[in-house]
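Required output: the full structure, derived from the provided sequences and hints.
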Amino acid sequence: MTPAVRRWVFLAGMAGLAAFYLWGLTGLPGFGNYPGPYGDIINRIAVAQTKATGVVSAVNFEYRGFDTLGEEFILFTAAIGTATVLRRLRGERERAARDEAMDRNVPPVSDAVRMVSLLLVGPTLLVGWYLASHAQTSPSGGFQGGVVLATSFILIYLAGEFLVFRRIGPVDVTDAVGAVGAGGFAALGVSAVAMGLPYLSNFLPLGSTPGAVSSSGTIALISFFVGIEVAAAFVLIVSELLDQTLFVRRESR
Amino acid sequence: MQFFPFVVVAWIVAAGLYGMVTSRHLVHQIVCLIVVQSSTYVLLLGVGYKRGAAAPYFSDIPVHTPAVDPVVQALALTDVVVEAAVTALLLAFAIQAHKRFGTLDPHELVQFKG
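Protein sequences, first through last, are from chains A and B.
Its first residue numbered 2, the first sequence is counted upward by one per residue in the numbering used here.
Its first residue numbered 2, the second sequence is counted upward by one per residue in the numbering used here.
Keep in mind that the hints are not guaranteed to be accurate.
[To be verified] Label-pair restraints from in silico Cβ distances:
hint, chain 1, residue 1, chain 2, residue 2, range
1, B, Val36, A, Tyr131, 45 to 51 Å
2, B, Ile35, A, Arg7, 18 to 24 Å
3, B, Ile62, A, Arg115, 42 to 48 Å
4, B, Gln112, A, Leu18, 45 to 51 Å
5, A, Leu26, B, Gly53, 47 to 53 Å
6, B, Arg101, A, Met196, 48 to 54 Å
7, A, Gly184, B, Gly103, 38 to 44 Å
8, A, Pro206, B, Thr66, 26 to 32 Å
[What the hints assert, rightly or not] With the C-beta cut set under 7 Å, the calculated list includes, among others, these residues of chain B facing chain A:
hint, residue
9, Lys51
10, Ala75
11, Ala89
12, Leu91
Derived from the structure by calculation, the hints contain no laboratory data.
Just so you know, even glycine gets a beta-carbon here, dropped at the ideal spot from N, CA and C.
Next comes the structure, spelled out in structure tokens:
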């Protein structure tokens with residue numbers, strides 16, 4: 002199929018899709034007229050039922066906790082898949098990057114970038130930790146916190162310290178931390194079963210004050226496990242991609 | 002204006018699909034896939050929006066304040082992170098395709114066999 006034919010086939014298909022879509026829109030309740038009822042019901046009962054004031058986290062880690070477990074494993078599988086696809090192939094070996102064009106004028110990382118990156122490592126780590134451990138109280142949670150935690154590791158790379166980045170985040174360690182995060186979530190579900198409750202039941206004491214850090218039982222704990230899993234997955238992905246750029250070279254002929 | 006956000010959704014899908022169909026570079030095609038995928042955020046948040054309602058966080062507002070649907074927000078949230086990881090996997094495939102076949106043009110790649 003030539004590109005021109007392909008484009009016309011696509012445009013014809015899109016025209017049909019657009020017609021059906023616009024027709025379908027006329028049957029929807031308009032924007033802002035939320036028909037409910039699920040969101041309204043959850044908003045009404047979630048705080049009393051889970052003692053979590055962050056209802057989005059309560060939905061994620063309690064009401065649809067089983068779905069989130071599946072989503073977390075998609076993430077886990079994608080990270081493992083990236084590591085597997087980027088393994089060293091036949092005819093490749095690792096060596097330090099050497100500039101192919103030696104006369105190229107590459108400016109070194111400026112002191113300002115190094116300084117700001119290193120200064121931001123601590124605060125970023127703290128914010129990530131805060132987000133991952135406060136899902137029950139405020140707009141935060143393991144997914145956001147994990148990404149911020151991973152960012153603090155990537156800042157170390159940005160400061161030009163790739164070897165330090167590798168030493169504090171070696172693949173074995175990130176793999177193990179990721180496995181603990183993913184497995185911890187699943188294990189919490191199994192613990193509920195061991196106590197004679199349905200899978201992923203909230204079996205920990207909920208606390209009495211809604212929105213306290215110690216409230217909401219397993220919601221906070223699951224969010225924390227998700228946080229370290231997400232952080233480990235992203236550090237693993239980034240270090241695999243950087244390995245490709247910096248170390249893996251085709252065997253010279 | 003009542004359906005404007007949903008028209009935006011369709012526009013994002015169409016723009017991303019057009020890019021995927023006409024793409025001449027695998028990385029460009031992956032970015033177009035992300036564009037298509039990002040339409041789901043607009044759709045989810047648009048579906049759950051209630052005019053004049055607060056965010057579904059009751060730490061500093063009374064518990065019975067009307068709030069937007071938290072379920073779609075939870076969906077959008079996991080969506081973002083999973084999408085990023087899946088993108089990394091696709092980019093890893095693109096790297097290996099380039100190593101093996103020396104090209105990232107989808108039209109040329111279909112002629113090769115693994």
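Q) For which of the previously enumerated hints does the structure constitute a violation, in increasing order of number? A) Hints 1, 4, 5 and 12 are the ones this structure does not satisfy, whereas the remaining hints hold.
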